[in-house]
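Number of protein chains: 2
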Amino acid sequence: MEKIGFIGLGIMGRPMAKNLIKAGYELKVYDLNKEAVADVAAAGAKACASIAETCEGSDVIITMVPNSPQVKAVVLEGDDAVINHAAAGTIVIDASSIAPLASKEVGEALAAKDIIFFDAPVSGGEPKAIDGTLSFMVGGPEEHFAKIYDILMVMGGSAVLVGEVGSGNTTKLANQIIVACNIAALGEALVLAKKAGVDPEKVFQAIRGGLAGSTVMEAKAPMMIGQNFKPGFRIDLHVKDLNNVAETAAALDMPVAFTDLALAALKELQADGCGSLDHSALVKISEKAADLTL
Amino acid sequence: MEKIGFIGLGIMGRPMAKNLIKAGYELKVYDLNKEAVADVAAAGAKACASIAETCEGSDVIITMVPNSPQVKAVVLEGDDAVINHAAAGTIVIDASSIAPLASKEVGEALAAKDIIFFDAPVSGGEPKAIDGTLSFMVGGPEEHFAKIYDILMVMGGSAVLVGEVGSGNTTKLANQIIVACNIAALGEALVLAKKAGVDPEKVFQAIRGGLAGSTVMEAKAPMMIGQNFKPGFRIDLHVKDLNNVAETAAALDMPVAFTDLALAALKELQADGCGSLDHSALVKISEKAADLTL
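Quick mapping for you: the protein sequence lines, in order, are chains A and B.
When you number the first sequence by my numbering, it's gap-free, plus one each residue, and the end is 289.
When you number the second sequence by my numbering, it's gap-free, plus one each residue, and the end is 289.
For the record, the hints were derived by calculation from the structure and aren't laboratory data.
Treat the hints with caution; some may be incorrect.
For identical chains, the list gives no copy identity; a pair is met inside one copy or between any two copies.
Calculated lysine-lysine pairs in the DSS-like style (CA-CA distance at most 27 Å, straight line) [unchecked claim]: (1) K235 / K197; (2) K123 / K197; (3) K142 / K197; (4) K41 / K17; (5) K41 / K(-2); (6) K108 / K(-2); (7) K225 / K123; (8) K142 / K(-2).
Chain A with its partners taken away, still in its complex shape:
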């Protein structure tokens, strides 16, 4: 069984690491947060004091950090970075959701040292990280995918190789565009219905079985109608992802009008102090426009 180094023990990384331990993998773990390291060590991992120590003897290194700058800092930058301590032939899997161009940059730098790289962002959030049922969207070299598949399937319910390095995060961005716009449109529709005097719960029941039906509607309409915005997936994180969409689209010279509108709405919610609410709180933009709550 591969020896795994795991860097980044936040809300997602911590349960992912624990599932690997439960599955019998030998884990070395590192995070700036010592409490998180101690917690995962208590579950059976070896606590490390540096990235260098985490890399030592690891066949596979998994990173799970907030965004592109943190991935670059951990993997590429500074004396303690992965690139300076992982042996040739090591496989690095970055499960963070970051900009695809950053993934490519990391992959190219690692390739120059014969280190294999996959970007493998997830969807599913904390509950599926705990259950080990995340969905991995994976970009990287097909000839090495079989080597990481079993590891991913300990943490996830599915792992789909979609293309070269960067493709995983491109797929994640596509996912986040659709989710944000669908939530925003659902909010606009339900609020308009209520403003016109129709019970939003009845609207939900009448349309959920038709072409308007979606996983977003099933998950988020009850939250909107119940005014329950406990995350789930936070506005702050969705802003991060759509900022990565905007950056990617700009680099490709492609206008993304729906993303821009959704991102503006999400940023308005941040400015209103709602950044830590579930993204279903996008309904608040329409509620404010209509001067009512669902």
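Position chain B relative to chain A; hints supplied.
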């Protein structure tokens, strides 16, 4: 069994009327298009030469015409209008998709003559009209709903009473907002992915099972990827519906930013000569922006 007058034998009305005939209802039918009248008469209806003749002896009158002005023309305006020929106690069911405010106007005018009115727009399009599996979104008086339920269920697979007169069309508008925005976001996401070098089919497979999954994605992603824009539901009709959203929102003094963006995209497609294509052709807006086709 109720005697039914059916006015409006277009793409939707014709199969709806035929399903009522098959179910054993005695039907009188009328349309400006004599060929359509002859076709439905051949299936067993009595052909009428006027609205007045269609109303004579009918317990229930069903209208299925393009938009608000046509409903008002048929039901309220002129010597031959329904309001001048339907007996007190008659039930009028308007299955057209129109502005909720127009439904209310029609309902109030009919109520003054003791004629009962329901707005009952449908979703499902021609295939479900033929199969008798339309979804009816119904607004009108609860105490009379039971009298029309069996009739609706001949033409439909579901019929949900959502509120007072106008509520059916408000619900339909909510449905159309969500569908349009979800299609547009799907197009933007898949085109961005392809622009970034990822196979849109693989993106679809990787994300369909997650939070981005929807009935729209299942129905429209393959059409977009296959560049097959055979309707289905035409751009022209979606423009009509979102114009009704815009009109309704303006009357309620509520901004609807996502609807506005989707409507602008749909109108751009009309200007490009794509009005008769399926609404999945919304992807063309993103394709134009990215200078590629899926």
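**Prompt:** Which numbered hints are broken by the structure, listed smallest first?
**Reply:** Hints that this structure does not satisfy do not exist here, as all of them hold.
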